Amino acid sequence: MSTLENNQAEDNGEISINFGEIFRTLKSYKLLIGACAVLFAALGAVYSLTQPNEYSSIAKLLPELDSKSGGAGGMGGLKSLAGLAGVDLGGSSSSAEAIRPDLYPNIVQSAPLLQEVLKAKIYSTKHKKWQTVLDFLSEKQDTAPIDLGGDPNDDDVVTDVKLDKVPTSALSADLMKLNKKEQAAIKKLRASVVLEIDKKSGVISLTTKLTNAVAAANITSLIQHYLTKYVTDYRTQKARQELTFLEKRLSESRARYDQALFTLSAYRDQNMNLFMNVAKDREKKLQYEVDMAYNLYTTISGQYEEAKVKLHRETPVFKVLEPAQVAIQKDGPKRSLITIGFMFVGVFFSLIYVFFKTVNLKELLG
Numbered sequence: 411m412s413t414l415e416n417n418q419a420e421d422n423g424e425i426s427i428n429f430g431e432i433f434r435t436l437k438s439y440k441l442l443i444g445a446c447a448v449l450f451a452a453l454g455a456v457y458s459l460t461q462p463n464e465y466s467s468i469a470k471l472l473p474e475l476d477s478k479s480g481g482a483g484g485m486g487g488l489k490s491l492a493g494l495a496g497v498d499l500g501g502s503s504s505s506a507e508a509i510r511p512d513l514y515p516n517i518v519q520s521a522p523l524l525q526e527v528l529k530a531k532i533y534s535t536k537h538k539k540w541q542t543v544l545d546f547l548s549e550k551q552d553t554a555p556i557d558l559g560g561d562p563n564d565d566d567v568v569t570d571v572k573l574d575k576v577p578t579s580a581l582s583a584d585l586m587k588l589n590k591k592e593q594a595a596i597k598k599l600r601a602s603v604v605l606e607i608d609k610k611s612g613v614i615s616l617t618t619k620l621t622n623a624v625a626a627a628n629i630t631s632l633i634q635h636y637l638t639k640y641v642t643d644y645r646t647q648k649a650r651q652e653l654t655f656l657e658k659r660l661s662e663s664r665a666r667y668d669q670a671l672f673t674l675s676a677y678r679d680q681n682m683n684l685f686m687n688v689a690k691d692r693e694k695k696l697q698y699e700v701d702m703a704y705n706l707y708t709t710i711s712g713q714y715e716e717a718k719v720k721l722h723r724e725t726p727v728f729k730v731l732e733p734a735q736v737a738i739q740k741d742g743p744k745r746s747l748i749t750i751g752f753m754f755v756g757v758f759f760s761l762i763y764v765f766f767k768t769v770n771l772k773e774l775l776g
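In the working numbering, each number is its position in the sequence shown, counted from 1, plus 410.
It should be emphasised that the hints constitute simulated quantities derived from the structure, not laboratory data. These numbers come from a predicted model, not from an experiment. Yeah, the Cβ is synthetic: ideal placement off N, Cα and C, and Gly gets one too. A few of these clues could be false.
Quick list of simulated restraints, FRET-style, between CB atoms [what the hints assert, rightly or not]:
(1) V755 - R650: 56 to 66 angstroms
(2) Q541 - P733: 19 to 29 angstroms
(3) P733 - F765: 50 to 60 angstroms
(4) A452 - K587: 25 to 35 angstroms
(5) K531 - T708: 41 to 51 angstroms
(6) F766 - E606: 24 to 34 angstroms
(7) V456 - A530: 34 to 44 angstroms
(8) G742 - N516: 23 to 33 angstroms
Use the sequences and the hints to build the structure in full.
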């Protein structure tokens, strides 16, 4: 029966695993496995030391939910919450003028906004002076414990077109004209800045990670300012245009009223003793023009005051839950995890080597 069972096992293609043999094989190659683990761990430690320390600064905002189009059953609030998830329920004229929060990451990564950030000034702890963000990002950043020299971002932007040789007439007035230095700085900002939105609570988290803790906090604060300004300008653009239009019309109507009143007063002074019907008709006409100019002035004045109230009502409010702070501890790199990861990679490759060294491939493949 024993021979029959062995033959059946061979016919069924069953493979028995001898754990004792595996243990003995690994034990015989323990020096090789240990050497690979130590070697790769050392390589991981050296690699981690070539990475500069990075510091993160986080700011948290809570945007105002649009409740002006409440409707029955609180549809205004429902539409606002749906907007956080990027879902448009429609039927709201006021919310159509607002930017959905899910578009904020695109705004933060946009070149026009980042170009404004580059023009702002921050304090450089390295040079002990104020300098623009563009100059700060164009310099070589804080080095790692082991500096191999060179900045990996120096040659990130390769230009094939020399803009200074392109005639001005060949470029549209709406084009953004960025030089190589600005393009490289914007690329660094895009890689360093992350904006996330909690769709449940609506909280906006803005994070900047740089090798300088003070610069990371300052740039986070700048981007927070420009983001709120961009959203506010977009939301109130129509109301501000209407207010500017009414302000001009108000000034014109006031000048028209003053001129009509002056003309009437001058006519009365010149014709005090005249009792002709023609003079009386002329005075009535001038009085009518004064009344019409005054009515126009009061109407536009009321509309102007309403426009100011509307502008204030349309201006969104951003509540700063957590302002940007200067980090006192580095956010990365995790050198211990990098070292352990390299060590496991070394063990993995050594085990593969031992496997192909000891296994009988012909028997295995046969």
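Hints versus structure:
no., hint, result
1, V755 - R650: 56 to 66 angstroms, "holds, 59 angstroms"
2, Q541 - P733: 19 to 29 angstroms, "holds, 23 angstroms"
3, P733 - F765: 50 to 60 angstroms, "holds, 56 angstroms"
4, A452 - K587: 25 to 35 angstroms, "violated, 49 angstroms"
5, K531 - T708: 41 to 51 angstroms, "holds, 48 angstroms"
6, F766 - E606: 24 to 34 angstroms, "violated, 45 angstroms"
7, V456 - A530: 34 to 44 angstroms, "holds, 38 angstroms"
8, G742 - N516: 23 to 33 angstroms, "holds, 26 angstroms"
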